[in-house]
Structure formats: C-alpha cells, structure tokens
Amino acid sequence: MSDMNAVATEAPGTQPIVPAGPIKQDKPRSLAGDAWRDLRRSKIFWFAAVLVLVVLVMAAFPTLFTSADPRACSLSRQFAPASGEAIFGYDYQGCDIFARAVHGARNSIIIGILSTLIAGVIGLLFGLGSGYFGGGVDAVLSRIVDIVLGIPFLLAAIVLAKRLASDPNNNGLWAVTLTLGFLGWTTAARVMRSSVIASKNQDYVAAARMLGAGPGRLMLRHILPNSMASFIVVLTILLGVNIAAEATLSFLGIGLKGDAISWGIAINESGAFVRTAWEPLVWPSVFLALTVLAFIMLGDAIRDAFDPKLR
Amino acid sequence: MSSPTDVVLETKGLVKHFPITQGIVFKTKVGAVQAVDGVDIQLRRGETLGVVGESGCGKSTLAKLLVALEKPTSGEINVRGENMVTMSGGKLRRARRNIQMVLQDPYTSLNPRMTVGDIVGEPFEIHPEVTPRKGREQAVRDLLDLVGLNPDHINRYPHQFSGGQRQRIGIARALALKPEIIVCDEPVSALDVSIQAQVINLLESLQNEMGLSYIFIAHDLSVVRHIADRVAVMYLGRIVEIGNDREIYEEPTHPYTQALLSAVPVPDPTLRGHRDQIVLEGDVPSPANPPSGCRFRTRCWKAQDICAEQDPALVLREKSPHPSACHFAEIRNVIHSV
Amino acid sequence: MTDIKAEIDVLPGVDPQAQLLDVTDLHVEFRTAYGVAHAVNGANFRLAPGETLAILGESGCGKSVTAQAIMGILDSPPGFVTQGEIKYRGVDLLKLSEEDRRKVRANRIAMIFQDALSALNPVYTVGFQLGELFRQHRGMSRADAKKRAVELLDMVKIPAARARVGDYPHQFSGGMRQRVMIAMALALDPEVLIADEPTTALDVTVQAQIMGLLAELQQQRNMGLILITHDMGVVADVADRISVMYAGKVVEEAPVYDIYKRPAHPYTKALLESIPRLDHKGQELSVIRGLPPALTAIPPGCPFNPRCGYVQDVCRHDPPPPPYAVEMDRTARCHFWREVMADEQSH
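Protein chains in written order, with our numbering: chain E, 1 to 311; chain L, 1001 to 1338; chain U, 2001 to 2347.
Simulated from the structure, these hints should not be mistaken for laboratory data.
Note that the structure is predicted; figures quoted are calculated from it, not measured.
Backbone N, C-alpha and C fix where the C-beta goes; we use that ideal spot for every residue, glycine too.
Do not rely on the hints blindly, as some may be mistaken.
[Unchecked claim] Straight-line alpha carbon distances no greater than 30 Å define the calculated DSS-like cross-link-like pairs of lysine-lysine that follow:
(1) 1302(L) with 2147(U)
(2) 1071(L) with 200(E)
(3) 1012(L) with 1319(L)
(4) 1071(L) with 1091(L)
[To be verified] Listed next, with one range per pair, are the computed distances between beta-carbon atoms:
(5) 198(E) with 2076(U): 28 to 34 Å
(6) 1319(L) with 2141(U): 56 to 62 Å
(7) 1279(L) with 2282(U): 52 to 58 Å
Make a model of the complete structure from these sequences and hints.
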C-alpha cells in the first residue's frame, strides 16, 4: 500500500539554470530545429558524422580509395608484407588486404543498414502495438516475440536464407538482408515495448487523453517521441551485430555467394591463420569496429539532441 | 463569491471497483479493490467543492472518473444534465470540453518534448471547431498571459520553467476549451510553500473572473479550507461527511473528520498541549476488503455493535445539521484550543 | 528493553562536556558542468541533548545538504565541503578518517529519510537488516541480533513484532516502514538523530503517530533531534528551536515561540503569512513574489533582496547581512530586523 504519492518538492537542479534574461520574441522553434542546432555544436556528432560519411563514400565509390583490384589475388604473394602498393599487405590467398577491406565496405554497409532498418520497423510496430494496447494484443504479440526468440538463430537463418535465395545468379545480398532483418527485431521490440509502457503511464499522456486525444495522436505525438531513446541505442548496436552476423552466414554458405567481398567474410577467412599473420584479421576488424562505433556515437548524439531536458 | 444557482455537475451512485485477477494466461477475478463505492456529489456554478481524505480513500480515482479517464463500474456522471458515462466517440470528445483537470505533478504532466505553445495549443488541435487555425496562436498567448506567464515564452520547453510556472502551464491548458468545471487533483502538493500561495491565488482569481466551478481534491486540509466553499470528507471510497467550510472545520460530526482535523499541525506553538488530540490506532483497512457496516468502525472510539451491522448513510442526523455517515454523529470542535 | 551500549569503538578526542553538536560556518558547494552551485553558505547550528532543532526551509535552501554533510554521506564529487567545522562533542568530524567517520555514523549520529521504501533494501527482510547492524557493529550472534531486532520493532510500536520480523519492506504500509526506519536508526543508541522530511510523504494521521513516537523516543533517550522540514505546522508542534534557511544561509535562528509570535526576518515573516490556516478562513493569501535563486547564481548582497518587502539599497550593495543578535539566543540576518519585528502579523 502506498501512502500519498511521495510529493517531490522542487529539487535545486530543476530551477532554470540559465536565468531568464531579457525577453525577446522567440522564433518559432520545432524540436527538429532545436536538435539540429545542438548537433551542430557537438564534437562527437561531427566526428561520428564524418566517419560515417567516409564509410558511406567508401561503400559507394571504393575506387576513390584504392586502385588495386581486390580480386586480383596471387598465391605467390601469400602473406606478403605491407608495401607501397598494398599498405596492409596481402592475405593468405595473396589478395590485397586494404583493397578487400575497402571493397568489402559496400556489402557490409548495405546489409548492415538495411537489415537494421527492417528489424527496426518490425520491432517498432510490434513494440508499439504491444505496449500501447496491452491486454490480449500484448499477449499475442509477446508470444510471437518469444517464439522468434526461441528459434535457434542459425537454424532459422539456414531455412530462411535457402527460401529467399531462390535465384542462383544474385549473390545472395537480399537473402542475407531479409534473413537478418526478420530474425533480429526481437530485442528492439521488447525495448520499445517497455519504453511505451513506461511512457503510456506518464501524466502528460493522461492529460492528452483527457483533452480527448485519440490513440493515433497519443501514439504519434506523445508516446513514440518519448520512447525512442533506448530504441535508437538498441538499433545502433544491432547494426554492428548484423554486419558481423553476415560473416557467420557467409561462412556457412548461406550468406553472400560466389566471390563476394565483405568485412565479415574477410574476418572469417583470416581467423584460421591468425598465428601466421595478424594483418588479414585485424584490419577488416578495425574497419568494422570503427564503423560500428561511428554509428553508435551518431545514434547517441542524435538521441541526446532530441532530448530537450539535456539542453 | 458568486451566488451558486444551477447544478453543473452531479454524480449519482458512482462506483469504481478494480478487479483483482489471478493467472497469467486466463485471468480469473478473485476480488475487487473498491476504490470508489457509492459517491453522490453536486457541484453548483461558481462553487468550489473540496474533497479531502487520506491515501486509499478514493479521491484520485474519483478525479479520474469525473474526467472520463476511467470508466465507472456503475453510476452516473451528469454534466450539464447529460450522463457522460454512456457517451462514446465524438459525443464524449465534445463533452470533455466542459470538464477539464489540473494534475498534481508539474514535472510529469507536461510532455517534455513539446513546446509550451504546443502543449497549451493541443486542445485546439483536438477540437478544431473551437478556434479557427489562424486565431490559435493568439489564443495560446492570451492563455499564457491569463495565468501570469510571459506570452513570449511560447516556444520554450517545460524544463525551462520552474515547478510553479509549469503548474500554471497546466492550468492554461485546462482553460483552453473554456470548460465550466475544472477538477484540481492536488494541484499544489508538489510545490514549495511560497509558490503554493501564488497558484492558489491564481485559481481563485480565475474562478471569479470566469465563473468556473472547481472540484478541489487535496490532502492538505488548510489549503482546502482556504479555497473551498463546501467540503466532502472521504474514507475508503465513501463520503463520510459533507458540509460548508464552517460546518466541517468548526463543527465536524463524523469521528473520522474529527480525528483528521485534530491531526493536522497548526503553525502556532502556543496550541501545544492544548489541542484535542485524537490519535487513531492502526492502519487504514484494505480497500479490497473493507469492514462490514461502517467502514471506519475498526479505528473508531465510538464503535458499537450497530456499526458492524448497519451501514450508516450520509444523511442529516439528530445531532448533525449537515449530512454525516455515522450512527453517533455529534459536533466536536477539535481545531481550537480546549 | 535491554540496554546494551558496547564501546567497541572509541573515538579519540571526545569531550563529554562539550556541545553535543556544533556546526560552524559550514560551506558546501557542488561543482557541476553548469557552474558551481553554492548549496550551503555559512551555516551555524548547535544542538544539546534532549533538544529538538528544526531546520526549516523550502527546496534548494540547503537543508538536506547540511544534513548529508553532517552525516558524511555527501555525494562527493560533485559536492565538497569547502569550509567550516562540524564538531561532535568537540571532535571535528570533517577531519576524521573515513573509517572513523563510519564509526560515528549510526553509532552516534543517525539519520532517517523521507522515503523509507528506498532507504530499506527490498530484497532482505526487515529482521535481517536490523540484525545486520548488531552483527556488524556489536559483534552479536545471529540469534541475539534477531532478538534485538524484535525488541526494536516493539519499541517503535509495530504490532506483532515477532511475526513481522520476517517480513519484507514492501509488506509494510508507509507509516510502518517509517517506523522500521526509525528502529534502524536508533538501533545502536545514537545521541543525535537527524530526520530529513520524515513525514512529508505520509498521511496526516500517520504523521501525527510518527511525530508522537519520535517525541517519546527522544525523551526516553535524551537524544538530540534535528528535524528538517518545510512544514511550519509540524515544526510548531515539536521544535524547541528553529533555524530558517534560505539560499544556503541560516537567515533566522530563534526559540520556537518567539519566531512564530514575532519573526525577525522578512522571509520567515512572509512564509508565515503565505500559508493557509486550518483554524480560520482568510482572504487572499499573501504571496512572496519571484522565485528562490538558482544556487549557481545567488544575488549579491542579501540573497533574499529581489523578493523582499523591506528591501533598501544597502541590501543589494553591501555584503550579506551578518547574524545580528536580536535577543539573547536569537539571531537574524537582516539589516532591518527591528522594522520586521515591529510590524504586526497580518494573521
């Protein structure tokens, strides 16, 4: 039994710290406009944004970064050390490590981003529906989440990828993307669900309901914006996970086919030889890690910029 | 104080029971929390009805029922003669324009991601028939001015305001649709003492200016005395006594009211040792399992057999010139020195 | 009640003749990214055994921070005690090692908080938490500790103590939990109890019970009680002396009867006039205009000057007023205390 809701008297930190100075007409400001103003000033944002931009350009135009052909491999150059032409050296097949890393960006980024977006959309809908409607809807949706979570990832991936990769000509990019998207949304859904449940019980939502707001307005205007913080963080982590997961699938033969290049593939192939040469393993891993880090930092910066309380 | 004429709000037999269920997949009802158990109130135009009681008495649930945030288990809520309980959809939405609420916690009652202008303007977006789009910004500015805030702050966010100012924003939002009735649910409990006075004065002046009627729910009896014309005392989901401010504060007849008043500390040290101290033993019984007959009997010094057998109704009694739900109701002044 | 007072921890320098608690010129600041918040700016308190001192003020005035500094539980960083002495029976607590400080806590100076639910560990039974104090500080066996725990619950009038000793905190009502917290605080027989808003979150009838219990226990043990609150009614009921705080300073200090009858500081006076009374219905409530200052931007001169009805130029420009001696045993930090006292109360 709870006594009188513990009344919180004003804490010192909640006084407006910036004194309300000379009052002039404030320009009409939207949350997005304010967020952009804050982002512009954040060093983390610029660092992450530049990094992401570099990686995206690398994915789109790999030839800007290297003229070497990643597929021009010659066993005679196996594990050859770094030189002026190949700044990271050569891997066990005699391929230029740097060239492979650069060209690998495209597949890794596309798969990473797209699969995360797909997972995000599914997760958001499930989480929002579960959290907002509760009751029977929540019971059904949550059981679906549990079932998907319960399926062993590799088993499901094998089945899904086989079904989706019907055309033997393409290199399996869409198959991998969809597989990862359809299997990776569960954590995002759960996180979104908890955030929605927490937001739903806030006083300002009750206030809006009292004004006569319908479910659409409540969800879009009040609940979603206040539930995104953890969700975004989960998505940025999922991005990294998916890029690496693609490697597992490719290794099993159900990922990218043929002579496709990706960071995951490069990492996987070089694992066995790491005691002979570390470069083929480390460099693609560094690319992967930096990219994931950049997205995570970007996600953090954006999330913070949209939180008016941190202003 | 305007002279009350017609009744703007009336409840009849209002009941809200929250079912207690067991089971994960298939839920079976094993009991009910009787949060509100038969409440009849009447509110006249321009009047303030105070509702006081301690935790578990059901006053917060009552507030939510009045603004249709919860659906009653049974009973009627008549606003302007029309029963809101049976309404739905567009009709309910329109009916809501007449009865609004000011919430307790200024830190959670405003969406932190909306500007003040959006918050106060949201009622106009939900009810576009009230004000045409062009006039909305001016209407919002007028509202901010009305509650003593600077209209030029229209694009600021709630966290840039102090608690008292946020409460004013909440009041402005409640006034947007020009309701006749405002339910104030502990509107000043979360504010500092010196700010409480500002907000209370604001509420009073708005009432005088706009002819509003208030249901003022609070646990602070001194604040309620100041602002209310009539006061209802609630205990375990029922009203145990109701009367005007003199009747309740100076001539209470129900034992619970008397105990409640005697427990309120008064900022006057000379009264130490001279007040009529009634100290209640034990805790409030669970609303899921209220005592039979009179619900207060388990803590009441006057309890007799009849109290367990017969549920006392809220009526006038031999020794109580105002309605009191006690078989042995009798006037006892507890707030002045003995 | 068995009375065990084991002196397993001896504090060097303790002088039984010295003042029980003597806080002088305490300054606490919080260094944040937004600037330095001056939470306490020269506070002075004295406490004698058996006395109840009320520290009265609104949020942000520094009263809780003072209590935390005395207890040594200040969040540091970002909080730092930059000046002053906190003397317990002649020993300056601020100069003690953390080890010694810990001995003082609970054994000699104890504290209870507003929210018992967060002060008690939800995953251990009440008996376990109480017993732990005895097992740790007094080296008692588990069985003895449990016996003491039951005695303590009895002392704070929890019905069926023996049965309830195995219950978890959430199984108690708010008022009962507060009693458990009091039991924990008094377990090791401290000489000073600091109560930080102990009844703010409680119903008024429960509040009356708890305050009554505190008064009784204090009298039994001749304990010093520091009551921190913003509720002027509670203070009027129980306090012997009151220190009113504003913006980190004690602006007025006086015996309780004097301060209510004739306040000597404009802030105290304004506060008294702005609260609605239970025993009569007034007209409009008198209001203190403006807001308390942000602790990072305290106005120069007297911190109350932007809101004060008695303000003159000297208040804004001169250094903050020192504690003028209004009467014996009474001080007020206001240049115009005589005018304030001369004006009639509007109640």
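Hints versus structure:
Under the criterion of a C-alpha separation no larger than 30 Å, the hint pairing residue 1302(L) with residue 2147(U) is inconsistent with the structure, at around 37 Å. Between the alpha carbons of residue 1071(L) and residue 200(E) the distance comes to roughly 18 Å, so the proposed pair stays at or under 30 Å and holds. With a C-alpha separation of about 26 Å, the suggested pair residue 1012(L) and residue 1319(L) falls inside the 30 Å cut-off, and the hint holds. With a CA separation close to 15 Å, the supplied pair residue 1071(L) and residue 1091(L) stays within the 30 Å bound.
A hinted range of 28 to 34 Å for the beta carbons of residue 198(E) and residue 2076(U) is consistent with their spacing of about 31 Å. For the pair residue 1319(L) and residue 2141(U), the supplied restraint of 56 to 62 Å holds, since their beta-carbon distance comes to about 60 Å. The supplied range of 52 to 58 Å is broken by residue 1279(L) and residue 2282(U), whose beta-carbon atoms lie about 28 Å from each other.
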